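If you read the sequences in order, they're chains A and B. Residues in the first sequence are numbered from 683 upward in steps of one, following this note's numbering. Residues in the second sequence are numbered from 355 upward in steps of one, following this note's numbering.
None of these hints come from the bench; they were simulated from the model. Please read these numbers as outputs of a predicted model, since none were measured by experiment. Glycine included, each C-beta is placed from N, C-alpha and C at the ideal position. Do not take every clue at face value.
Unchecked claim - Stretches of chain B that chain A covers, calculated by requiring three or more beta carbons in the stretch to come under 8 Å of a beta carbon on chain A:
1) 400 to 412
2) 452 to 466
3) 484 to 494
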Amino acid sequence: MKKAAVTVHRSREEVQRLWESSEHRPEYVQGTDAAVTFKDAPGDRGTEIHVDLEGATSRGKLGEVVGKLTGSEPLAKVKDDLRRFKQSVETGVIPRSEGSPEGELAERKLKQRPAQPLDESELDKAGVR
Amino acid sequence: MRATVYSGRNTVQVENVPDPKILNDRDAIVKITSTAICGSDLHLYDGYVPTVKRGDIFGHEFMGEVVETGRGVSNLAVGDRVVVPFPIACGNCWQCEHEMYSLCENSNPNAGIAEKFFGHPTCGIFGYSHITGGYAGGQAEYARVPFADVGPIKIEDDLTDEQVLFLSDIFPTGYMGADFCDIKGGEVIAVFGAGPVGQFAIASAVLLGAERVIAIDQYDYRLQMALNKAGATDVIDFSEDADIVEQLKVLTGGRGPDAVIDAVGMEAAHGHGALHAVERVKQANRLESDRGHALRDAILACRPGGIVSVIGVYGGLMDKFPTGAFMNKGLTMKTGQCHVHRYLRPLYEHIRAGDIDPSFVVTHRLGLDLAPDAYETFKHKQDECMKVVLKP
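Sequences are here, hints too, so could you generate the full structure?
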């Protein structure tokens, strides 16, 4: 399976506009030549975003660097991007916990911090400020 | 600051950890004045919930004073006295807009982990493992509260901490369990488990107009509280007779209760029986995460066409689910972590009006530094322990 999808609680016009905006642009997905489609979701649910990595050849410069550094697989990075896009569009923030201070991140799944506040140096490292 | 930290199965310690900081514009920092230990904390303490890590700060029932707010929090000011709901909810997603706050689609930054266990992520929860986000909990001097513009309720009366603290979880949780039962007046409701959540399920069923409420437990002091404080009309002590299903039938003229509430969850106890011994061993060896006596009996006891309301917490998989009884009797099951935000205001109004004083469950008050003793006392139900409030 090389597909991922998310539903964002906004109109299709708004989702498509924000997808290209500097504030919300999903960097990993846009660094690939994955096929991205937008569909009206049923009822009042908003907009479905579908990403298909089948046939995507290049992951782009950023994608390559990230992949090399982390060894993470592309589909997991795409899912991170979709969740973070949904979060930032719907809530205006990327939710961060003490266990996952960077926000949703595939590499954090197996390397959770303990759920206790970060000290000063960790705050800098997590890019929180 | 000082905080209650998990340090391995059956062990918590109070340690010095860094003070929490604002990480997002919609965060606030709360200086905690009262925090409680929940029965569901014992599932973590006992090591039955996956993805709990050493060093995690526990605690999801807490209240206190706002000491700092992020730029996006305009409804709260420094100095406000607030109770914080245990589910973390964004207020913006489709689920939140439909008041299903514990199913918030955005507040769990470990959605990838949650999907592996549950198929989908559910909301973030304070101090409650990494499946629910890896958020630091509130059995501490301070806590960071994400989406503080949505969750905390301001307390502006001179009610005591103990009268309003349980708005954070167990009062709304018990209330939701009763709300699920579609009480219109004249029903018989059976409540499995007369712990703190069970007490509030009983009290709520009474508030909503149930005619009879039957409390089921194996500890007499808990059943006495159910009768004398929560308003139960009947009790079943299964340490005296383990056949709960038959006793419920007799108490209901053979019909069975119209709805049953499971306020027990994954570590169900049972006075007797070979099945319990088998399940105890399986669970201890991690072959099964959820012991299911209470839920099985609830399904077998419920009137055909009735409602099974599950508010006790389950974490994984259970064996021998009675699918035959569940299907053939045409039962409806309703369940979930409580949508606390939905109930906060109406339940606060009930407290203000004097319809209920939730402080009746408190049996133990201790300083935060005594949290390790408090966990043991609560776990082993020593000294007739019902509910522990810790004061940082």
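Comparing the hints with the structure gives:
1. 400 to 412: Since three or more residues must qualify, the claim that chain A covers the region 400 to 412 of chain B holds, with 6 doing so at under 8 Å.
2. 452 to 466: With 8 residues closer than 8 Å to chain A, the region 452 to 466 of chain B meets the three-residue bar; holds.
3. 484 to 494: holds (count 6)
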